[in-house]
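Top line first, the protein sequences correspond to chains A and B. Per my numbering, the first sequence starts with residue 1, numbered consecutively. Per my numbering, the second sequence starts with residue 1, numbered consecutively.
Just so you know, these hints were derived from the structure itself, not from any lab. Be careful, since some hints might not be right.
Stated by the list, open to error - In silico DSSO-like links for lysine-lysine, alpha-carbon gap of 30 Å or less:
(1) A:K2 <-> B:K75
(2) B:K75 <-> A:K9
(3) A:K289 <-> A:K268
(4) A:K55 <-> A:K268
(5) A:K289 <-> A:K77
(6) A:K67 <-> A:K286
(7) A:K9 <-> A:K395
(8) B:K75 <-> A:K12
(9) A:K254 <-> A:K67
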Amino acid sequence: MKVRSDIMKLAKSMHTWVGVCAGILLFICFFAGGLSMFQHHISKWATPTQQVLPKVSPDQYNELIQKVQTAYPAAQKNFTLNLSSNEFHYAPITWSEHERGDGFNAAQSTWMASLDDKGQLIVAQENLSKAGWLIEQLHETAGIPGMAGHHGLGLYVMGVVSILYFLALLSGVIILLPTLVKDYFVIRPGKNKKRFWLDAHNVIGITSLPFHIIISISVIVFAFHDFFYDAIGQLALKGQPVFQRSPPALIQPKQTQIDVQQILAQTKKVAPEYSVDYIQFSNLDKPEKANARIALYSPDQMLRGANQDFMRMNPYVVEHFNHKGINTQTDGGNKLINAMFSLHFGSFGGTGVRWIYFVLGVGGAFLFYTGNILWVETRARKQKRAEDPVPIQRKDVVFLANLTIGACLGCVLAVVGTMLASRWLFAALNIESMNHLFMYGYYAIFLLSLIYTFVIGYAKALPQLLLTLVLVLFAIPLTSLLAYFIPQSGLWVHGGEILVVDFLAIIFAFAFWRFYQQAQDRRKSAPIGSLWAS
Amino acid sequence: MKAKIQSPIQPDWWSKTFAGGVFGLSLSIAIGNLIVLLGQSYVAMDLLVQVGMWSVPWVWMPIMFGSYFFTTGRKALIYLLIANALAYSCIFVLRGST
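So that you can see chain A by itself, here it is in the shape it has in the complex (with noise of 0.2 Å):
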């Protein structure tokens, strides 16, 4: 298809720049949004043992409940009940003292508690680990802290970085439009490096573009839907507000105490597709207002959580429910809105759509990634022949390397590279909250990568800290299999599902390794000035 040459132009202007300002801060939510599709594995991976309590039979949560209720008041007001969620693995019962305020809360002190095989409670208050939470938090803000209203100040930027993400979408489908059809699937391994950096760079951007104009689209809903609402207030309904609530029902229970077998039955009548995955009481001090928001799962539907789909009861009188959440019970049009969220978060299909989104993310960020390295390959000085003089690379070329190795690595490197020290430190020292190391761990190992990076050179850092990725992929199924022959080193293992974790870090581990043998081999044959010469 023929482009005329100044629309050619000027995309490629639009696509370059948008591309170079976005890039970065899209590679970190990438990579952090692949893994938040795990992010509740990743939670249990780097739980401690002694921070899990052990199950009991669906027939023993009344007696749970009202056993600590009875000794601890907070929990007549507000609870978890864990029937079969990764999200709250913990114990089948946790509360806290204080309610979660919005935003960033590393202090995640919990209570929680649960039967023996004779029946005795078992309490204990500890500081659950959220290392998959904490991904989540990555994935919003790009890791950029500050708060502004009742969201992260990142979330914000990231609605911007959106824009900027979506003109580069589409002016980058113009480049390629007229040689689509001749360079679409076909990578072109070589001499000419930045071929295949371009090829790989299209296939990718191609290949997921519904993916991309989704995740770009709804993100600015997420940072600006408030504003957005307000308009609509404003103008359409003369300043009414947007949601009129109706009017509470007036219910008086005539039971003050929770049967959880009744609720479940009552959720299996109105919801029969899904299962239940947990269930939040709160206001159980005031009978006509308490509340239990169930979170329901199913493969087969779109949810509209980034796990579950949720209905609402009144715990004690079970009758009393708001099922228009739930997607078995709404409308077309609120399908539509369903579905804006659940293609966000992957939350439809099941694990297979999990690992779609999975490898959709991850290769978003190499997407960012090698737009980047284009920009600087483009702009590279070459000797063309061996009697002119050494080139000198530019500086601003030089800086985006920088910045683009040191970030992107670096915060690959301070995701995996916590998540591998906090079992050993946690085994080796007495640390009293598992998140604060994550946190402050994640931010000293990118700040370091990213220093580094800047002062020793990319070409010098870029094989280093793919080789330094590579050491710690491999340490932590090495960490897990250590931990499940010698259970007193004080590692820990969970079996099942999450080895999935470990598994990923070896396909991740082999990954990085290819990585640093080509730029091995491309530093060993630079040429002295050349772009990857150190």
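Chain B: place on chain A using the hints.
Structure of chain B alone, referenced to chain A:
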């Protein structure tokens, strides 16, 4: 032989970004509002406002991208201003001024 392009597109980055970012946004907000106004006799309000809200970025982003393809930044500003005037007039006619 290449035909010479009659009036090639000028870059005008700043004025076009302003046109798409500010007037494009206000136009999309107007369209979101028009969806709410026109749909209110057919669709339940709590759903309708969500559809209106979600349509803002879906409309805004193509407009923002498109505004770079006006031949000059001036034209982008003028056309988007006219579109805004039309859209907001429709809103005030439909909802009544009070």
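Structure-based check of all given hints:
no. : hint              : verdict
1   : A:K2 <-> B:K75    : 25 Å, holds
2   : B:K75 <-> A:K9    : 19 Å, holds
3   : A:K289 <-> A:K268 : 23 Å, holds
4   : A:K55 <-> A:K268  : 22 Å, holds
5   : A:K289 <-> A:K77  : 11 Å, holds
6   : A:K67 <-> A:K286  : 20 Å, holds
7   : A:K9 <-> A:K395   : 25 Å, holds
8   : B:K75 <-> A:K12   : 22 Å, holds
9   : A:K254 <-> A:K67  : 21 Å, holds
Hint violations for this structure: none, all hints satisfied.
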